[in-house]
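The chain contents come next:
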Amino acid sequence: MVIARDAVGGILGIYVLAWALALAFMVFLTLVLVVSRGRSDMARDIFRRAVAAQAPRGSVRAVSRDGPPAHVAAGIRELQVDDPGFDLTAFLDSTRVAVGAYAMAWSAENDRLLRRITTPGYWQTPNGKAVAAVVAGWKRYAGGRPGAANRGRLLLDVSWRQPEVTNVSLGKQGADRITVRLSSAIIGAAQPGWHPVNEATRLDWDFVRPTGQRTDPAAVLLPRTCANCGSPYHSDLDDACPHCRTARPDTHAGWRLDRTDLMVDT
Amino acid sequence: MLRPAGPPPPSERTGCLGVLWLLVKMPFMVLRAVPHTGALLRREAATDSGRRARTWEELTPADDQAAVAAALDEVKSHDAGFDLAATTRAVAGARRVVDQARQAGDASVARPVLSDGLWRVFVLLLDERAAHGVVRQGTSAVVGADVVAAARDQLAEQLRIRLACRGERYEVADGVVLRGQPGQKDWSEDWIIRRSADAATPARGGVLSGLCPQCGAPLQVDEDGSCAYCRALVLSGGRDWVVWSIEEAPW
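Chain order of the listed sequences is A and B. Heads up: the first sequence is residues 1 to 266, going by the numbering used here. Heads up: the second sequence is residues 1 to 251, going by the numbering used here.
Read the hints as simulated data drawn from the structure, not as lab findings. Accuracy of the hints is not assured; some may be wrong.
Chain A is faced by these chain B residues, among others (derived, beta-carbon under 7 Å) [unchecked claim]:
#, residue
1, His36
2, Thr47
3, Gly117
4, Arg120
5, Val121
6, Leu124
7, Ala156
8, Ala173
9, Leu178
10, Gln181
11, Ser196
12, Asp198
13, Ala200
14, Ser236
Each residue gets a CB set at the ideal place from its N, CA and C atoms; glycine is no exception.
Turn these sequences into a full structure, and let the hints steer you where they fit.
The following block contains the structure:
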C-alpha cells in the first residue's frame, strides 16, 4: 500500500515537474517573441547579436554589407571554361526551385521536393535538421492520416529578391560549390481562420556538384516523361516513374542544395 | 512551427476524454520542443515576421533615370534589334497571360512566358492553392509601364519593368479573404526580364513576341520548356528575354 502510494506520489511529482518545466519553457519562448517581434529595433538587434554569437558553426552567417567579392566573377568565368554549357541566368533560375521547395517544407510542412534537390549532407546541417524537425513534427501529428498535405497551413506566394552569387569554389574536396545569397519572403495563411503568416528570411544557399560534371545544354530542368519507359510523371513532386518506378533523374545539371545558412544582421 | 495547425487526425480521442488526455500529455508535448530551442532561436533571429516581413515585399526603389538610360543604351549597342517599347508591351501581354493562368488555376497557360525555374514554383503554388480551394477573384489591366532598373554585365542583361495596374484582385478560401479586398484599386508590380549577355533579339521577334528564338516558329512550349518544333530550350534565358521574376508590393 505504501509502495503504491509512493509510486503514485512519484508519478504525480514527475507530472508536476513536467508542467513546471513546460511552463518555464513557454514563458521563455514568449519573452523571446516579445523581444524579437516587438516594436523596439534595439532590443531585437541585441537579441540577434546574442543568438549569432552563440550559434554553432555552420548555422548562421553574419551579413556582409559589401558587394560580391571580385573573385566571384573570375570563378564563374573559370567554371565556364571547364563547362561551356554553364549559364548563370539558368543556374540562378533553377536555384529558385530550391527556394520554393524550402518554403514548402518550412511553411506547408511538405518536404518531398526539397528531398529531391538536396544532398544527403544537407540533412546533417543544423538548418537541414531544423527543417526535418518541423516536417517530422507534422508527420507525427498527422499520424496515419491519408495525404501528406497539411490542411491547416497554406503557402500563398514565395517572393525571391536580389539573388547574388557570393562565392564560387571549384574542385575543393572533389566538388564545385556556388553560394547564392538572396532574400525570400513567404506569404502564407494558417488555420484557424486563415490568419496571415508572413515571414521574410535572408539565407546563403550552397549548391554543389561533383567536380568534372558538365552542363548538358539540351537537358531540360524537369523531364515530363520517364526516360526508361516513356510514362508521364503525374506531378513535379514525383520522385520516381509511376509505371516502372525508375528514379527520376537529377534535373539541375548536377547542382544540389548542400546547405543553407541563415543570415543575421549583426 | 513545431506544433502544426490543422484538424486533429481521426485516431485522436474526442470529447471529455480527449481534453483530459490532452492535458495529461501537454507538458510532454511542449518539452519535446526543448531540444530544438537553438534552431528556433536562430530561425527567429534571422526571420522577420508579420508587419516587418511585409516591408521586405515592398518594391525595390527605382534607379536613377540617367543610369537606366545608360544601361539601355549599352543593351542597344550590343543588340541593334532591341526595341524597348515592344519589349514593355510584350511584358504587359505576359502579365495578362499569367493572370489568366492564376484565375483558371491552370499553370500550363503561363508556360510560354515564364522562365523554367519561375514556372516550376508557379506550378507548385497553384497546386498548393488548388489543394486548399484558394480562388483568385477580380480582373485588372496594365495602364502604364516604365523601366525602373536596367543592368548589363559580362554574364547577363536584366530589366526591371514596373507595371502600373488598375482593377480588382483578392484571394478567397473557405469564404475567407486571404489577400487583397474587393473593389477597384491601383497598384504596381515589378516584372523582371533577363537574358544572357550574348543573347540578341531574333530578327522576327522572340519569346515575348510569341516566336521561338531558335527556329522562328509560333511559340508552342512543351511543359519541359522546349519548343514543340525544334526542341530548343527557349525559356532558360540563354537565347532570349524571359520573365525571370515577378515582384508585387504587399496587398
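Hint check results:
| no. | hint | in the structure |
| --- | --- | --- |
| 1 | His36 | holds (5 Å) |
| 2 | Thr47 | holds (5 Å) |
| 3 | Gly117 | holds (4 Å) |
| 4 | Arg120 | holds (5 Å) |
| 5 | Val121 | holds (4 Å) |
| 6 | Leu124 | holds (5 Å) |
| 7 | Ala156 | holds (5 Å) |
| 8 | Ala173 | holds (6 Å) |
| 9 | Leu178 | holds (5 Å) |
| 10 | Gln181 | violated (13 Å) |
| 11 | Ser196 | holds (5 Å) |
| 12 | Asp198 | violated (10 Å) |
| 13 | Ala200 | violated (15 Å) |
| 14 | Ser236 | holds (4 Å) |
Checked against the numbered hints given earlier, the structure breaks hints 10, 12, 13 and satisfies all the rest.
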